[in-house]
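Trainee: Listed in order, the protein sequences are those of chains S and V. Sequential numbering of the first sequence, starting at 1, is according to our numbering. Sequential numbering of the second sequence, starting at 303, is according to our numbering.
Among the hints, erroneous ones may be present.
Straight-line C-alpha distance at most 20 Å; calculated DMTMM-like pairs for lysine to aspartate or glutamate [claimed, not checked]:
1) Lys313/V / Glu176/S
2) Lys15/S / Glu497/V
3) Lys15/S / Glu401/V
Okay, the calculated bits of chain V under chain S, using three or more residues with CB under 8 Å as the criterion [claimed, not checked]:
4) 309-322
5) 551-565
6) 568-574
Pair by pair, the computed Cβ-Cβ distance ranges are [said to hold, decoys possible]:
7) Tyr598/V / Phe286/S: 39 to 47 Å
8) Arg81/S / Ile440/V: 46 to 54 Å
9) Leu196/S / Ala459/V: 51 to 59 Å
Since the hints were made in silico from the structure, they are not lab data. Keep in mind it's a predicted model, so treat the numbers as computed, not measured. The beta-carbon is built from N, C-alpha and C at its ideal position, and this holds for glycine as well.
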Amino acid sequence: MTGQTRRRRAARSDKIFDGLNLLIMLFVITVTLYPFLNVLAISLNDSNDTVKGGIHIWPRAFTLENYDTIFAFQGLITGFRNSVLRTVIGTILGLLSGSMLAYTLSRKDFIARRFVSIFLALTMYFSAGLIPFFILIRNLGMMNSFWVYVLPGLVSAFNVFVIRSFVDGLPYSLQESAKLDGANDFRIYWSIVLPLCKPVLATIALFLAVGQWNTWFDTYLFNSNNANLTTLQFELMKILQSTTSGNEAQIRGQNLLEMQSKVSPESIKMAITMIVTVPILLVYPFLQRYFIKGMTLGAVKS
Amino acid sequence: MKVVRTIRDQKYLLLMSFPFVIWVFVFSYFPLWGWITAFQKYRFGRSLFDQQWVGLKYFQELFHDDLFYQVLRNTIAMSVMGLIAGFTVPILFAVLLNELKGSLFKRAVQTISYLPHFVSWVVVAGLITKMLSINGGIVNELLMSLHIIDSPINFMAKGEWFWGIVTLSDLWKETGWNSIIFLAVMMGIDPEMYEAAKVDGASRIRQIWHITLPGIRPTFSVLLILSIGHLISTGFEKQFLLGNHLVIEYSQVLDLYALNYGIGMNRYSFGTAVGIFNSAVAIVLLLIANGLFKRYTKESVI
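Generate coordinates for the entire structure from the input sequences, incorporating the hints supplied.
Mentor: Laid out in structure tokens, this is it:
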């Protein structure tokens, strides 16, 4: 076989490959997006009409009634407030602690650098487990409090190392000249290093905010008896569980559903699902450039 | 004294790191102390020194519990399925993405594929349940219209489907995200290698086989070993949210078992024993995987 025929044959197989690849990608897009579009359509469709079936990606009888109904429910308002609060507070505190630790670890002359690095790194490899953690929180008196949402996970070793590898890449000369001007280490961190870290902080902020927004388990474990401390994800979890399983969440979830006689549970579920999903949809595409960099950086380092 | 002077010079660095070191100690290291409770008859309100010692009683109970073996089977089955699928599919997806020519289309596919990663498991469980439902779920609708089945299958109520549903849900959620790192490594491969292969008349599939896949091998090995270490600590969110009492024989995993026995029934010591077993197995698996890796590549990951 001459080189030319081999290349011609390869070109033909490449065309088939490209065609198949395109089909696979279209399939991936459809499978990923359909569930979201379906939920959106049902959440905007009249509840009685939905029961007839056949709603796919477009509402048949458009209405905002489902959303009106869920916003009349106190648990969701409280949940929304707490979810926003924990996301904002948790993200800010996480960014501050992570960047501060990262800065100290990036200073090669820092006396405790090795100790702090190892002390932090070890936490990525072990965990005491659920029950000892539960006992700790209970003994610290953090049950039934908002702070259990933000304080225990305040320091994340992974985040610290991602930020540090970014700081390591910054030119040291800037810090040195500030030092000559008499700035102390905190000032150098605050007014020189921190502003330069914006790209990596955007990534970490996304990770932290998504983590906070999406968590339901701490509410379930520590605050499930306190209606004032509920979160959106926990409320959604109760409603979803109420139709699929027979645990205690069923009883509590059912209360909400019975209150809403006009609108079917199905439509309520879909509307709440949209409410918890939309904020994320609005944010993550704009941070894509940053988080891809952050992910690769973190993975290469660890 | 030199050390004293260094400490004074670096007081800001120390002040910026040590509060967090204490933090990490309290929330990550201190709970390890709670492992002692596995050997005690733990009661709240007493210090660990005042508890009654029972030796290995709870471990014996654990190993004599038939349910434990069922739970262990479920954990291992879902972990192994998740591990195999969680590596092959993202790599395949990254390879296909890497071969896409149009950069706009490529970016669109990427952005869409990351979407489910940012959505909570609560939402994903809701979406999956909806797609698989017998009342108008798209999966049953499609299978019916293609005459593959005559009547809708109630997927969520059949234990034998559960492991597959969990694995597929995980794939749906994380394939795009997990492909990021592989794609980044692929983009770092020298383009001249592809040029040379093209001149030799190699088709795209041959290029993938001989250039792309060998190029990601080191990354693949490191990530694989790290995941083997986490094999049986895959979490319980999916199982908690997708499971129900009809499929509990297949859905209960070690963490859920610890949760139900430990906190649900106030058997803290028993729950802690389950957690310790979990950690011990994880460490042994990690060491075995690392040992095998070392034998074949003369390198160590940990």
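Trainee: Against each hint, give a clear statement of whether it holds in the structure.
Mentor: So, going through the hints one by one against the coordinates:
1. Lys313/V / Glu176/S: 18 Å, holds
2. Lys15/S / Glu497/V: 18 Å, holds
3. Lys15/S / Glu401/V: 12 Å, holds
4. 309-322: holds (count 10)
5. 551-565: holds (count 5)
6. 568-574: n = 3 at 8 Å, threshold three: holds.
7. Tyr598/V / Phe286/S: 39 to 47 Å: Cβ of Tyr598/V to Cβ of Phe286/S: about 43 Å, so the range 39 to 47 Å holds.
8. Arg81/S / Ile440/V: 46 to 54 Å: About 35 Å separates the Cβ atoms of Arg81/S and Ile440/V, which means 46 to 54 Å is violated.
9. Leu196/S / Ala459/V: 51 to 59 Å: For Ala459/V against Leu196/S, whose Cβ atoms are near 55 Å apart, the range 51 to 59 Å holds.
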